[in-house]
Structures are given as C-alpha cells and as structure tokens.
Amino acid sequence: MGKTLTDEYKKIIISLEPSRPKGPFSKDSNQNDRSFSESYYFSTTKYGPVNRLWLRYSTVLDAAYCESCWLLSKLCSHWSTGLRDWKHLSSRIEEHSKSKAHIEACAVHDLWRKNRAIDKNLEEEIILLEEF
Numbered sequence: 036m037g038k039t040l041t042d043e044y045k046k047i048i049i050s051l052e053p054s055r056p057k058g059p060f061s062k063d064s065n066q067n068d069r070s071f072s073e074s075y076y077f078s079t080t081k082y083g084p085v086n087r088l089w090l091r092y093s094t095v096l097d098a099a100y101c102e103s104c105w106l107l108s109k110l111c112s113h114w115s116t117g118l119r120d121w122k123h124l125s126s127r128i129e130e131h132s133k134s135k136a137h138i139e140a141c142a143v144h145d146l147w148r149k150n151r152a153i154d155k156n157l158e159e160e161i162i163l164l165e166e167f
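To convert, take the position in the sequence shown, counting from 1, and add 35; that gives this note's numbering.
Rather than coming from a laboratory, the hints here were simulated on the basis of the structure. From the three backbone atoms N, C-alpha and C, an ideal C-beta is built for every residue, glycine too. One or more hints might be untrue.
[As the list claims (entries may be wrong)] Simulated pairs of lysine-lysine, DSS-like, Cα-Cα distance not exceeding 30 Å: (1) 81 x 57; (2) 122 x 81; (3) 122 x 109; (4) 109 x 46; (5) 45 x 81; (6) 133 x 81; (7) 122 x 135; (8) 135 x 45; (9) 45 x 109; (10) 133 x 46; (11) 57 x 45; (12) 149 x 57; (13) 122 x 57; (14) 46 x 57; (15) 149 x 45; (16) 45 x 133; (17) 46 x 149; (18) 149 x 109; (19) 122 x 133; (20) 135 x 109; (21) 46 x 135; (22) 109 x 133; (23) 57 x 133; (24) 149 x 135; (25) 149 x 62; (26) 122 x 46; (27) 149 x 133.
[What the hints assert, rightly or not] DEER-style ranges, computed between Cβ atoms: (28) 96 x 126: 19 to 25 Å; (29) 120 x 41: 28 to 34 Å; (30) 120 x 54: 16 to 22 Å; (31) 120 x 77: 17 to 23 Å; (32) 58 x 149: 17 to 23 Å; (33) 125 x 41: 33 to 39 Å; (34) 126 x 84: 32 to 38 Å; (35) 78 x 41: 31 to 37 Å; (36) 150 x 73: 25 to 31 Å; (37) 84 x 127: 36 to 42 Å.
Please work from the sequences and hints to get the whole structure.
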C-alpha cells in the first residue's frame, strides 16, 4: 500500500479473491482491546445484510482498507493506506461509502472487473475457435 501500481498489477489484483479473512482478529490494547470484525463486511438494512464488496482487511497491516480506492482513486486517504480506528470504524465506513471519490473508484473498479470477465469470455471463445 502506498505504492503506485501498474494497470497490469491492478488487473491481477482485481481478478484475485478478495482479502476478506475471517476472524478472530488481533485486539489492540491501545484501543480498549477493540479489533476488526467480520460484521464490517456487511451493512444492515431493513431488507437484510448487504455485502460491502469494496471493504478489505489486511492481516499484515491489521488495517481495513477500500480496495477500489487503493487501486483506482487519485486521492490518498486512510482508506487507501489502511485504517485502524476500530472505535469509529462503523461511522467512517458509512461516511466513506457516500464520498464522491469512493463512488467513482467503485464504478471504475466494477468496469475493470466486467472487462476482465469479457476478456475471459473472448479468450475462451478464441480457444474454442482454434480447436474447431
């Protein structure tokens, strides 16, 4: 995190499984033994849980981050470098999810993911044609 990645690396990261480990997560003694929780991966609505597809957790950094903003936003924030404020994480997630930069980064992330699917379909079609 904090390094500029080439488009090729970004495409590879987007094609991989997301970094969303299950707990238990290490507790921070400097934050009253608070820690990250799997529940942050979802928002709760009256219709049930909604997956926050952008939210990731790094076990190396012990930090939450936004994959879309890390990879695709031009703005540098805690969400692209890693956030460890467990006490205020819920409100920070809500605030971040409504920010213009985040919404734009998620839209670009979705387009890249769809292009990967299109590229894969074209690749499979080409292979089938070659075998024919």
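Is 19 to 25 Å respected by the C-beta to C-beta distance linking residue 96 and residue 126? Holds, since residue 96 and residue 126 (Cβ atoms, about 21 Å apart) stay within the stated range.
Holds or violated: residue 149 to residue 133, with C-alpha atoms at most 30 Å apart: holds, 23 Å
Indicate whether the distance between the beta carbons of residue 120 and residue 54 respects the range 16 to 22 Å. About 19 Å separates the Cβ atoms of residue 120 and residue 54, which means 16 to 22 Å holds.
Agreement of residue 149 and residue 62 with the hint, judged by alpha carbon distance not exceeding 30 Å: Judged against 30 Å, a Cα distance of about 37 Å means the pair is violated.
Can the restraint linking residue 57 and residue 45 be considered satisfied, given a maximum Cα separation of 30 Å? With Cα atoms ~24 Å apart, residue 57 and residue 45 stay inside 30 Å; holds.
With a cut-off of 30 Å on the C-alpha distance, tell me whether residue 46 and residue 149 pass. holds, 11 Å
Given the hint that residue 149 pairs with residue 57, test it: the Cα-Cα distance must not exceed 30 Å. holds, 26 Å
Determine whether the Cβ-Cβ distance between residue 126 and residue 84 falls within the hinted range of 32 to 38 Å. violated, 18 Å
Take a quick look at whether residue 135 and residue 45 sit within 30 Å of each other, Cα to Cα. holds, 21 Å
Straight-line alpha-carbon gap residue 133 to residue 81, limit 30 Å: Since the Cα atoms of residue 133 and residue 81 sit roughly 19 Å apart, the hinted pair holds (cutoff 30 Å).
Checking one constraint from the list: CA of residue 45 to CA of residue 81, max 30 Å. Satisfied? violated, 35 Å
What's the verdict on residue 109 and residue 133, does the C-alpha distance respect the 30 Å limit or exceed it? At roughly 17 Å apart (the allowed maximum being 30 Å), residue 133 and residue 109 satisfy the hint.
When held up to the earlier numbered hints, the structure conflicts with 5, 25, 26, 32, 34 and 37 and fits the remainder.
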